[in-house]
Amino acid sequence: NMQRVLLLEVENFKSYKGKHVIGPFGDFTAIVGPSGSGKSNLVDALSFVLGEDKMNLRVRELQHGSSTGKPVANSCSVVMNCQSNNQLRSFMRMISASGSKFCIDSKEVTAREYISALHRLGIFIEAKHLIYQGQIEHIARQTPEERVQLFEIISRTCEYKAGYEQKKDQLIKQEESLVELYSKRRDIAHEKRRAIMEKEEAERYEMMRHQLVCLRPSIVHP
Numbered sequence: 614n615m616q617r618v619l620l621l622e623v624e625n626f627k628s629y630k631g632k633h634v635i636g637p638f639g640d641f642t643a644i645v646g647p648s649g650s651g652k653s654n655l656v657d658a659l660s661f662v663l664g665e666d667k668m669n670l671r672v673r674e675l676q677h678g679s680s681t682g683k684p685v686a687n688s689c690s691v692v693m694n695c696q697s698n699n700q701l702r703s704f705m706r707m708i709s710a711s712g713s714k715f716c717i718d719s720k721e722v723t724a725r726e727y728i729s730a731l732h733r734l735g736i737f738i739e740a741k742h743l744i745y746q747g748q749i750e751h752i753a754r755q756t757p758e759e760r761v762q763l764f765e766i767i768s769r770t771c772e773y774k775a776g777y778e779q780k781k782d783q784l785i786k787q788e789e790s791l792v793e794l795y796s797k798r799r800d801i802a803h804e805k806r807r808a809i810m811e812k813e814e815a816e817r818y819e820m821m822r823h824q825l826v827c828l829r830p831s832i833v834h835p
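If you're matching positions, the sequence shown starts at 614 in this note's numbering and goes up one per residue.
Source of the hints: derived by calculation from the structure; they are not laboratory data. The C-beta atom is built at its ideal place from N, Cα and C for all residues, glycine as well. Among the clues, some could well be false.
[To be verified] Have a look at the derived ranges for each label pair, beta carbon to beta carbon:
(1) V761 with K720: 36 to 46 Å
(2) L743 with T723: 16 to 26 Å
(3) R754 with K630: 34 to 44 Å
(4) K632 with K781: 24 to 34 Å
(5) V761 with G651: 48 to 58 Å
(6) R725 with R798: 47 to 57 Å
(7) T723 with L794: 43 to 53 Å
(8) L701 with S790: 33 to 43 Å
(9) I801 with Q755: 44 to 54 Å
(10) A753 with R617: 50 to 60 Å
(11) Q779 with E816: 52 to 62 Å
(12) Q755 with K652: 35 to 45 Å
(13) R725 with E765: 36 to 46 Å
(14) K781 with L701: 35 to 45 Å
[Unchecked claim] Simulated pairs of lysine-lysine, DSS-like, Cα-Cα distance not exceeding 27 Å:
(15) K780 with K797
(16) K786 with K774
(17) K714 with K630
(18) K805 with K720
(19) K652 with K714
(20) K797 with K781
(21) K805 with K781
(22) K805 with K780
(23) K720 with K630
With the sequences and hints as input, model every part of the structure.
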């Protein structure tokens, strides 16, 4: 599936007072400006509408003016208009004093339904598709194990981890059973060889005893 963000509609979100339509975005779009001009707030807006946890976005500062204690409105919202397989879709997330609101194509849904719909489009906020300032350096400093975990999240292989661990446990148990069966087979083969040797020895003993019985008359009566 091919997804593409077309427009963002931002209303009273962080430094965006009132309603702003940002876009349309091209195949490559650069947001430039001096320090403190709000470039990172656009990334935050995209993260917000993609389902990023409120705590990671400093929720008290989401509404315009909150940082100064004078919010201009009781709510803030971001709408993402995107294209998926030539179909136009819209995702809206709003936060107000009464709580959060999620809409897909103008229809209100639960947070779980909202995130599930994004997942079906191949959008996973936990996969770190959005790279923040300083994040590249943070990833570069990660241990190999931490990077593996990140790649598992990006590739979604972490979703199969429980099943993988279950199959792995089953494989270990089967291997242990095979080792046990092989050991039993080896013991049985050893016992079989021992039984054959005892049988041959018994047969030789019986043959010698029979020969001795046959020889006794000639020894007693020459």
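Return the numbers of the hints above that this structure violates; sort them in rising order.
4, 5, 8, 10, 12, 13, 18, 21 and 22
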